[in-house]
Amino acid sequence: MWLVWIVPIVLFMFYGQKIQLQITSSEINKSLEKLKIFKEDTRKELLDYIKSTIKPATDPSTKIDRYLEYFTIMPVDLDPNGIVQKIRHIMRSREDYTRLQVKTLSSEINSLEASKIENILEAVTTLHLLYKMVRHLFLTAKKQNNFPLILPLQMMMPFIMEEAEALKGAVSAFKQGQPIGDGIGPMIVGKMMLETEKRTAAFETVWSEKEFEGRKLYLMKAEGPSATVGRPGDALERIISENKPDVIVMVDAALKLEGEDSGIVSQGFGAAIGGIGTDRYQIEEVATKHKIPIYAIVIKQSIKEAITLMKKEIADSAEKVTSQIHEMIKDNAKPGQSVLVIGVGNTLGVSQ
Amino acid sequence: MKFKRKKEEVIIPYTVEQCNSCNAISKRKFKEGDYVFKETDTCSSCKGRHVSITKIFGEVST
Numbered sequence: 001m002w003l004v005w006i007v008p009i010v011l012f013m014f015y016g017q018k019i020q021l022q023i024t025s026s027e028i029n030k031s032l033e034k035l036k037i038f039k040e041d042t043r044k045e046l047l048d049y050i051k052s053t054i055k056p057a058t059d060p061s062t063k064i065d066r067y068l069e070y071f072t073i074m075p076v077d078l079d080p081n082g083i084v085q086k087i088r089h090i091m092r093s094r095e096d097y098t099r100l101q102v103k104t105l106s107s108e109i110n111s112l113e114a115s116k117i118e119n120i121l122e123a124v125t126t127l128h129l130l131y132k133m134v135r136h137l138f139l140t141a142k143k144q145n146n147f148p149l150i151l152p153l154q155m156m157m158p159f160i161m162e163e164a165e166a167l168k169g170a171v172s173a174f175k176q177g178q179p180i181g182d183g184i185g186p187m188i189v190g191k192m193m194l195e196t197e198k199r200t201a202a203f204e205t206v207w208s209e210k211e212f213e214g215r216k217l218y219l220m221k222a223e224g225p226s227a228t229v230g231r232p233g234d235a236l237e238r239i240i241s242e243n244k245p246d247v248i249v250m251v252d253a254a255l256k257l258e259g260e261d262s263g264i265v266s267q268g269f270g271a272a273i274g275g276i277g278t279d280r281y282q283i284e285e286v287a288t289k290h291k292i293p294i295y296a297i298v299i300k301q302s303i304k305e306a307i308t309l310m311k312k313e314i315a316d317s318a319e320k321v322t323s324q325i326h327e328m329i330k331d332n333a334k335p336g337q338s339v340l341v342i343g344v345g346n347t348l349g350v351s352q
Numbered sequence: 353m354k355f356k357r358k359k360e361e362v363i364i365p366y367t368v369e370q371c372n373s374c375n376a377i378s379k380r381k382f383k384e385g386d387y388v389f390k391e392t393d394t395c396s397s398c399k400g401r402h403v404s405i406t407k408i409f410g411e412v413s414t
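Heads up: the protein sequence lines correspond to chains C and F, in order. Each residue of the first sequence is one higher than the last, beginning at 1 in our numbering. Each residue of the second sequence is one higher than the last, beginning at 353 in our numbering.
There is no bait here: all hints are sound.
Listed below are the simulated BS3-like cross-link pairs for lysine-lysine, each with C-alpha atoms no more than 30 angstroms apart in a straight line:
1) C:K304 x F:K390
2) F:K383 x C:K312
3) C:K132 x C:K44
4) F:K399 x F:K383
5) F:K381 x C:K320
6) F:K381 x C:K55
7) F:K383 x C:K55
8) C:K304 x F:K407
9) C:K198 x F:K390
10) C:K210 x F:K390
11) C:K191 x F:K407
12) C:K320 x F:K379
13) C:K30 x C:K256
14) F:K383 x C:K304
Facing chain F, according to a computed beta carbon distance under 8 angstroms, are these residues of chain C, among others:
15) G177
16) Q178
17) G190
18) P225
Don't read these hints as lab results, they were simulated from the structure. Every residue, glycine too, gets a C-beta built ideally from N, C-alpha and C.
Bound-form chain F, shown alone:
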């Protein structure tokens, strides 16, 4: 009988941004320098300047 070796999980860090004007949410890969509640670029939907990072988390890649 062969035992399957447990596959090592690869966790990818993601950053979630939200526009405070239009509430549009976008998810992208984490960049160094990101931190939660940091004010970032302009919103791609409404071009507003009030975009901030709301979450940073890791997800197992599939």
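In isolation and in its complexed conformation, chain C is listed as follows:
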């Protein structure tokens, strides 16, 4: 009778890790299949969109497939001095090249369509990369029969899948030119900019002036309704060189913590801007040099909400945020002083 207990104990002692590897592998394999479907579906969506909207003379699939395999080599960080400028240069080169590649698809493409295609291309490329990375880690662990190697992948899979689902959802919003959750900052500042004279501050970035209870407001956002985040760092540098504001207020979307509601508004200090960090660095540098305090107002949302069609709760927070901006201006700038208000984020589907 005691043998009944001994057999499984011995079995698990020698083969426990292999059994666990099999179970974990099958779970990861399912997610990998899902990732593959996402990657292929979004690629097809992109190609169909290009064919139906800009009607290129030649089949764009070869060009698109080649683009999906492009990589970016980050600058060496053994000596980090000046690395931000190097990263900015590399990222700008990539952006410029992408823009150029999209424009070569058709001579009749307008800037709105081009920006939408650039954004969809970015989402498809990221999905392509995610699939390849997960597949690499999975196959390496299987090839080496190495259980500890598969554990970090198993832990990361839910987060990777969350991002992948968000990217897949983003393609639909980009295709239709609908505002995304990340566009809440530009939407709030865009409303404040209505009926003012808009001027170009930097590439794809506009600004205007307005009076508010004796204070001068400089309002800045990416130029909508194109799918762009503009160049807030360059624009801020230019505005500050011409008109030195006393306070900077930045409005942006921010990732919520689990358990927090979407659309809740928080205030804080420092430059509220995401991305790779080059714009934040530039804004912090200029503000520090001129000793200008930076205040931030953020609208909380999940990663999926940030890159897919704006949810009602997020859109409804606009009035609340506007009144908080006004309050912040009155609290931190005296009449006669000036405030720079920046709406940070992708301004797709949001004009000004």
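With chain C fixed as given, assemble chain F onto it according to the hints.
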């Protein structure tokens, strides 16, 4: 024990328009070409020509 599969949410995009003359607000389904702050048709309440899109958002269909 049976586990219920999570139902996939269907999100419908809506456009909210507001008349700048009479402040009448109307909500309709999103049409391609809509964008926030775009000047649209005449107001159905006051026939004014200052109607603009104030919001575009998605709501889960019930």
